[in-house]
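> All chains, full assembly: derive it from the sequences and hints.
Chains as they are written, first to last, in the numbering used here: chain A, 1 to 594; chain B, 1001 to 1346; chain C, 2001 to 2292.
The set of hints was computed from the structure by calculation and includes no laboratory data. There are no misleading hints in this set.
Cβ-to-Cβ under 10 Å is the rule here; a few derived chain C residues that face chain A: (1) N2067; (2) Y2087; (3) D2109; (4) G2127; (5) V2132.
One-sided excerpt, in silico: chain B residues whose CB lies under 10 Å from chain A: (6) N1039; (7) I1040; (8) G1079; (9) F1132; (10) T1135.
Built from N, CA and C at the ideal position, the CB exists for glycine as well.
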Amino acid sequence: MKTSDKDINIVIEICGSAGEGTISAGEILSRFMSAQGFEIMSFDAYPAEIRGFGKCVAHTRVSANPIYSPGKLADVLIALNDNHAISQLSALKKGGILIYDSQPPKPHEEDESVVAQADAETISYGVPLTMLAQKAAGNARGRNMVALGALTALFHLDRDAFTNSIKDRYGKKKQIVIDSNVNSFLEGFDWTKENIDKADAISFQGVTPPQTKAEQTEEKLIINGNQLVAKAALDADLKFYAGYPITPATKIMEILSKELPKHGGTLLQTEDEISAIGAVIGAGYGGIRAMTGTSGPGFALMTEFTGLSVMAEVPAVIIDSQRGGPSTGIPTKTEQSDFNAAVFGGTGDCPRVVLAPTDTTSCYDATVLALYLAEKYQTLVVILLDFFLSNSIRNIDVPQKPAPEMLNANIAPDAADLAGYQRYKITDSGISPRTIPGTPGGMFFATGLEHDAYGRPNYTDKGHLAMTAKRFRKHANVLNEAPAPVISGSQKTVDIGVISWGSSAGAAHEAVMTAAEKGISGAGFSSMMLSPFPEKQVKAFAGRCKKILIPELNYRGQFADFVTRIINRPVERLNFITGRPMASEDIVEKMKEM
Amino acid sequence: MPTHDHYVIIGNGPAGNAAAFTLRENDPDAAITIISHENICFYAKPKLVKYLAGKVDEDALAVKTMDEYRRRHIRLRLGQTVAHIDPDSRSLHLAHMETVHYTDLIIASGAKARLLPSMKPYADCLTFVTEFNDTTGLRKKIADSSRFFIFGGDLVGFKFLKMLTDMGKQVTLLLYPRAFWPHRLTKEMQDAIVKNLAPTNADVLADDDLDTIVPEDRGGYWVTTKQGVRTQADLVFSFNGLIPDVDFARGCGLDIDHGILVDETMRTSLDRIFACGSCAQIYNPDINTYTTSIGWPNAQVQGKVAGLNLLGEHHKVRPAGRKYFDLEGVKIKTAWWEDLEKDEDA
Amino acid sequence: MDMNPSDMAADTARSLYLDEKLAQVREKDFLKYRSPDLPTWCPGCGYFGIMDAFYKACRELDLAHENICAVSGIGCSGRTPVFINSYGFHTLHGRSIPVATGLKLAREDLTVFAMAGDGDALGIGGGHLPHVARKNIDITFILFDNAIYGLTKGQSSSTTPFETKTNSHPVGNPDTPLNPIRLALAYGSSFVARGYAGDPEGMKEIIKAGILHKGFSFIQILTPCVTFDKANRTWKALKENVCSLNLHLPAPDNMESAMRAAENEPYGVGIFFQDKERPSYQDILRQMQRAK
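Laid out in structure tokens, this is it:
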């Protein structure tokens, strides 16, 4: 029996077909756990394998302690659909718990039930989900709620609080919808309490959550990366967003289409991603904060415009929420394989800023910073999200709103500058004071052609060199405003240094801590700023690590290649492209091998 | 040579496991599946009482590891319940609506706690200890409780009583003469037992019967006997022996009395279906009747015999003669096959 | 005249003499909308006429220089903003429309022009035209249609007539040309007009009407490429064929007759169609937001 709050650290997966309420059940579970004062990290996966067509999985990690990664394997699998859940069994821990429909709508052929396919170690509880839902509401729709009721009974969760979470979720719906969900939940709860002999050790009885409810309901946001990016953008005075629907970035556009007009901004759904970034650059040229969001294929289309943003020195922010690639790739799986495209993609010597949030909270910071840097440095800023960061839900503290100086970053010319105004004046910082249209006396011509200080086309070797140097100088100076790299673990010389980026960073830092408990001396390094990259710091870090490990979700280690060139020594790599996020367990395992 | 045989064993106790391992030793190719409604690997039931008393932990219950099954390619379907048997299509219908096909079937589903017909109205108030599933949560409850009422008194019941009094718990025993089913304790036997239990400091009631059990709002129960004794208890246990767990097999054509009727070769009335262990009622030529058996060694022998006979051999379980054994100092005649004493410390 | 395009793109030559001359011309009022930079187009190019009409239109509407922004793509027409005394943005090939759209949505106070050639707007950037039209973004789009790729020295474009010999199709263009006016009408443009580079007054009126039109204005200008098209759309051919639409199209408010005119009168100039009632994109957004 688990009695101390420290012990609560479990992963619950709900697996079903699209339309079976899988995702909403996961959402309610997350909200409930958060309201109970636990840390949560949850995400929905829509695996693309043929067998699992229509399959979706709501994955939730619940912990009394801070969470850095989603957890590799599930402790509990709730199977709303046997067919789909069978393919999800591989993600269930040995000795894990399976809750399945013991009276499904149709009988199974031999070996086609999920319980038949489960490992013998699995503790399986059959609950007549369909039957109880029918009983509660007259139809099978409430199976997801029945399953949550069973879960609540099994783990001794707070039934009434859970009921309230369900009511909250369906609060705006008709009373009959609320009732049938609540009734299904209670039916599952009662039946399980009555009929199931508990054979597992998970229990929330007597567990004191880390925070009291009063503390956290006020201050916690339950939010995913996409939502947080949208929120941050609004807080950072975004006035224009152009986008084209593409998984997994579409949600950002959908949220902003609702919110931007309320904030005096405009949302434009364009005919393609080329048009989206074009409009963003147009708006940026017009002097307002503008952004677009996309994924691999759309980012590829935007490439030519990214060069224009850098060359014509027009602010633009692109969110690239990475998915499996190349080409159309795997739209619903997470990957970190756009590193090269974001940092190096395109033609010419084209320095651009690339930020990769490492967790949900930093999606906010990255977005605020991106809009600020784009405006101040008059350049392209790419925010690298990924499917996992976009969609995984955390309960986080409400972020601090950006400081006023973050909202008004354009360096405008003064009267002296305007006399014989040189839009692309060569300066030490590389930043040339910028006018926006409508400013008398500040008129200029922006172009993607190489140009002189006035913006007029100029192809001379000296001119090209001076302007290129200016753009690189400007880019390098961005580092002065970059957030410091996150360094975890031992401050001394260590056996293994784990250098990570993006959504894998949480798992990497967590792995360093876990490995320390197992006697492996390690330290972790991650930087939200990928371009320009904090080379000095990474060299200093590598200097005190006997071995370096770089885990990332791509085939051969794009970031590892990048870091290898900086630290000038070989590194160990941990790469996989299975579509699931990096887990600290993966990294610890690799560290043990090293 | 590959074979398409699929031997299915219902039950994961000593009989079922003996059958499965015997089958595997003698037939390396067939598919073998053990189905058990319990969510736990093969464990030592006799140790459950110690487990409940907190003297051993769950690991100590284990008899075999999962790996032993994996190595032998014996498939375990745990936590799965057989709802009924269809001998015509040679298939089993599981409670979760999956069909499992077999070529040969061995039923070794064991026994379950006997609920006395008179106790049916109070079933919800009673706690039974027959399998691991019953014990979840109970261990902590026992540790947290101080007053116990035990109704009945069979082998396990007395063992449990001693365990509780050793823990310093307050125990009331209502001795029920039919607890040691199918035997009836005589007045003399009961008196002897009461005398022999005296050192335990348990309150022992005899010549009485249960009248009512009334749950209290704040937990616990008021137990009243026919003689008017009122006792408060946190938990009320019933130890009134076991009955074969064969409900799922009824109505499929098998001959069933208390248990599934089998001959000395463990064959049931239906082709390719065997039964063994405490779910079986075995023909005893010495007394010319069918009797049930309990105990680990009996089950093992029967499981092995069933396994070998399924493969075409012709073994018989041999009665080891009439036996006596000790129920709290009282000698009771039995007609079982093996010596139960071996069981004591299993 | 055989001129190397890379020469055209070279650093703008400036001399005291020219500065002086320009100052003189600029005094002629409308030329104040002209920038000090010398156009890089070939002598005799129709674009000079288009720009004169443009300057005059701005002058007559008395637009403030700093509130004008001309957005162009790539091609001979791409350089246009350099020669306008205003804000200007020379973007990517085919992409003037998206950038102009973003700019206008960001800054409704500006008068935004998108300028593109036939290769730019109907070829590489052809996908944007339907959407800017159906959205009715309030920009004035000027199509510099010389039916050839000039800057890359004479390849067939989307409006090069069938069988015309070009550098990419030496035995004749196998492609059927697009009809820009019909496309613009079909896409739902709320203002569709055609001008002729040899008729500055007519063009000026059309451009003025386009600027004043609240919504997307599509203006095709027929212009020769004097360098790479010596046979097809020459000054001579244009002069002989161009006629006024007014003779045939009494009022430009009928889509059907506009379509017919677009089909039957490849050289007809004037306003084909205008829907004065239709709200612009930003007006629609405001209406919807209010209605919510």
